[in-house]
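Chemist: Residues per chain, in single letters:
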Amino acid sequence: MADESAVPVPGDEQTQATADKKNVTRPDQSYWSLVKHQFRKHRGAVWSLRFIYVLFFVAVFADFLANEKPIACSYKGTFYVPALQEYAVGLHLAKYPPELANADWKTLKYDWKIPAPVQFGSGTPDLSSSFAKPFSFDSGHYLGTDQLGRDLLSGLIHGSRISLAIGFVSMGIAAIIGVLLGAIAGYFGGWVDIAISRLIELFLNFPVFFLIITIVSFMEANIMLVMVVIGATGWMGIARLIRGEVLRIRNMEYITAATSLGFSAPRIILLHVIPNSLAPVLVSIAFGIAGAILIESTLAFLGFGVPLTVVTWGSALNQARSDVTAWWLAIFPGIMIFLTVLSYNLIGDALRDALDPRLRD
Amino acid sequence: MSNETLLEVTDLKKYFPIKRGLLAKTVGHVKAVNGVTFSIKRGETLGLVGESGCGKTTVGRSILRLVEPTSGSVKFEGREVTTMEGSDMRTLRREMQIIFQDPYSSLNPRITVGGMLSEIIKFHKLRSSDEAVQQRVKELLDVVGLRPEYARRYPHEFSGGQRQRIGIARALSVEPKFIVCDEPVSALDVSIQSQVINLLEDLQKEFELTYLFIAHDLSVVEHIADRVAVMYLGEIVEIADAGELYSNPKHPYTRALLSAVPHPDPRYKPHRIVLSGDVPSPARLPDGCYFHPRCPQVMPQCKMVHPELGDDGTGHVTRCLLYPESTPSAVAAGSRPIQIQTS
Chain X
1 MADESAVPVP GDEQTQATAD KKNVTRPDQS YWSLVKHQFR KHRGAVWSLR
51 FIYVLFFVAV FADFLANEKP IACSYKGTFY VPALQEYAVG LHLAKYPPEL
101 ANADWKTLKY DWKIPAPVQF GSGTPDLSSS FAKPFSFDSG HYLGTDQLGR
151 DLLSGLIHGS RISLAIGFVS MGIAAIIGVL LGAIAGYFGG WVDIAISRLI
201 ELFLNFPVFF LIITIVSFME ANIMLVMVVI GATGWMGIAR LIRGEVLRIR
251 NMEYITAATS LGFSAPRIIL LHVIPNSLAP VLVSIAFGIA GAILIESTLA
301 FLGFGVPLTV VTWGSALNQA RSDVTAWWLA IFPGIMIFLT VLSYNLIGDA
351 LRDALDPRLR D
Chain Y
362 MSNETLLEVT DLKKYFPIKR GLLAKTVGHV KAVNGVTFSI KRGETLGLVG
412 ESGCGKTTVG RSILRLVEPT SGSVKFEGRE VTTMEGSDMR TLRREMQIIF
462 QDPYSSLNPR ITVGGMLSEI IKFHKLRSSD EAVQQRVKEL LDVVGLRPEY
512 ARRYPHEFSG GQRQRIGIAR ALSVEPKFIV CDEPVSALDV SIQSQVINLL
562 EDLQKEFELT YLFIAHDLSV VEHIADRVAV MYLGEIVEIA DAGELYSNPK
612 HPYTRALLSA VPHPDPRYKP HRIVLSGDVP SPARLPDGCY FHPRCPQVMP
662 QCKMVHPELG DDGTGHVTRC LLYPESTPSA VAAGSRPIQI QTS
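Quick note, the sequences are listed as chains X and Y, same order.
Numbered according to the numbering used here, the first sequence spans residues 1 to 361.
Numbered according to the numbering used here, the second sequence spans residues 362 to 704.
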């Protein structure tokens, strides 16, 4: 064939990989490597992605970054790793010795200890240091405390877990519902399509936020519930996108080919239609995550959604209402919410551009 | 080629409803295929020619049940295809395959060539072990003239001609007896066209395939087809052996098509029959002969009487009132009633 000479000898991936690095517009690149290349041109999105990575790291290692228990210590000649052991104790797999079970870890006399960078757990009240000012390095409250004396930085660190979980779990639920319903509506058409389209419109008519507030205020405060409700009311946009894509892809000849080969409808939908219609949904998911985080923050700000003992960015913001002069309680959680939501939006923006073949140069 | 009939299509019709309004009321039908009858012998290639919109693609897809025919019968090796279901249908899928026109939209861009072929082989359980499947993938690529290493590549890494070869490999992967070639070369460069047609001919010899070769271009069909059927507005207007049709075209439409075939010699000035007017809409077919509004040899009765397919005794079948065998009265003496369109 004509372009055979331009194609590297298959089998030596290394040459191919280095060649890819040298010449990024080679015709034999896969679709996703082109998208990646295009995405990288959006510098804001690249930094946003890095910010989200950092947030992930913080969320995963929150117990080692902000904990009143030391990371490692020696007490009365015995070696402990309390921050790690806490997980085993929590799962009833292990126990602390009796004298440590109810001890105040801050005031214990250790032989030596490696403390966590922030020496306060989240949600541990300490009324003696109510409204501590930020940047007071003697007390260890780097970003100050709220009315109950809970350390703000520790709250932000632990709150990042909830913000990330909210975004991913609720959008995961929304994506699964939306992709399946949208693909079924688009592929089968006819009355199935009409039924699902009307269902989408029905759900779109719910004032989602008030629905969530209603459900959440009737049920016991539970973060899982909030995630499920956000997910179950946020799938319509994705379903519509997928339906439109599937309507286009269903008429492609490779789908006709799959039918002519006797493949079953579920096989065609799952293996041939959905993988080809998923790209625009990524954009929708990125924006959806940002929206979900905002909804959760708003709920927590209003005092719904999470138990009072759990600190989230929204509930930390809520504390700012108790004293207007405690500016740090409004500013720092606000910055975190702002940066995270902005990051997801920038990523969504860049993805939309990168996935759009018309904008490619 | 044997004398045994492999595929028999009788009075095949496909009407697409035209829906309007809020309640999607059917206000009419597009008669894409309007009573097509033909048969193909084992090992034969039947060319199906006509301009775009005449229903030739719908015929091909109705035979494979990729669109459900409105009525009519399709018999493959004596078995009725139009009413087949479940496992019978799945078996039939292995015996009849299709090659598509557009080499760009006919391959799933997210799946490698090897992945695509091995999915089919595994789905139909054509090979048991993984090595045997991979071996078969290599074989298939080799058969269509591609290097076995190409199995790891994605469709967008190939040229149009290579993609069409992959499409052929896909059709061959289930070891079919019959392949509908739906304008397989229309989207290719002329230089690649002949390569692909030669490949199709070689494969026909090697695997004893039977083709229904659909094209809008008579010169392409001339090379590969044993017999040629010409379609106009959902009907077959002429069927004859390829040599006979090209040397002695009877229907005015066939003559017009043949006169439009480009000639390699620029000094050759043929008498061009240029048809006036557009093809009528298949939703509102003309009375009488469907071709009469554009026919250069139109007669008064053409506007009233719809001609039948008539055999001149040599297997050359024409649907035109210029020939006595086509007038409905001649046919009426046999079995079929006079068909006068009133709508």
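To be clear, the hints were calculated from the coordinates, so they are not data collected in a lab.
The structure presented is a predicted model; accordingly, all values stated were derived computationally and were not measured.
Glycine included, every Cβ here is placed at the ideal spot set by N, Cα and C.
Wrong hints could be hidden among the right ones.
[To be verified] Over the 10 Å line for every Cβ pair with chain X, so calculated as not near, a few chain Y residues:
{"no.": "1", "residue": "GLU369"}
{"no.": "2", "residue": "LYS374"}
{"no.": "3", "residue": "PRO378"}
{"no.": "4", "residue": "ARG403"}
{"no.": "5", "residue": "MET450"}
{"no.": "6", "residue": "MET457"}
{"no.": "7", "residue": "ASP463"}
{"no.": "8", "residue": "VAL535"}
{"no.": "9", "residue": "GLN554"}
{"no.": "10", "residue": "GLN565"}
{"no.": "11", "residue": "TYR684"}
[To be verified] Partial selection, computed: residues in chain X whose CB lies under 8 Å from chain Y:
{"no.": "12", "residue": "HIS37"}
{"no.": "13", "residue": "GLN38"}
{"no.": "14", "residue": "HIS42"}
{"no.": "15", "residue": "PHE263"}
Chemist: The structure should be examined with respect to each hint, and the outcome stated for every one.
Modeler: We went through each hint and held it up to the structure:
1. GLU369: 20 Å, holds
2. LYS374: 21 Å, holds
3. PRO378: It holds; PRO378(Y) is separated from chain X by about 12 Å at its closest Cβ, greater than 10 Å.
4. ARG403: 21 Å, holds
5. MET450: Given that some Cβ of chain X is not farther than 10 Å from that of MET450(Y), nearest at about 7 Å, it is violated.
6. MET457: Contrary to the label, MET457(Y) does not stay out of reach of chain X, its closest Cβ about 8 Å off (not over 10 Å).
7. ASP463: 6 Å, violated
8. VAL535: 7 Å, violated
9. GLN554: Since the minimum Cβ distance to chain X is about 14 Å, GLN554(Y) lies beyond 10 Å and the statement holds.
10. GLN565: Nearest chain X Cβ is 19 Å from GLN565(Y), so the label holds.
11. TYR684: 38 Å, holds
12. HIS37: The hint is violated - HIS37(X) has no Cβ within 8 Å of chain Y, the shortest such distance being about 15 Å.
13. GLN38: At 16 Å from the nearest chain Y Cβ, GLN38(X) fails the 8 Å test, so the hint is violated.
14. HIS42: Nearest chain Y Cβ about 23 Å off; hint violated.
15. PHE263: Because about 7 Å separates PHE263(X) from the closest Cβ in chain Y, which is inside the 8 Å limit, the hint holds.
In summary, the numbered hints that this structure violates are 5, 6, 7, 8, 12, 13, 14.
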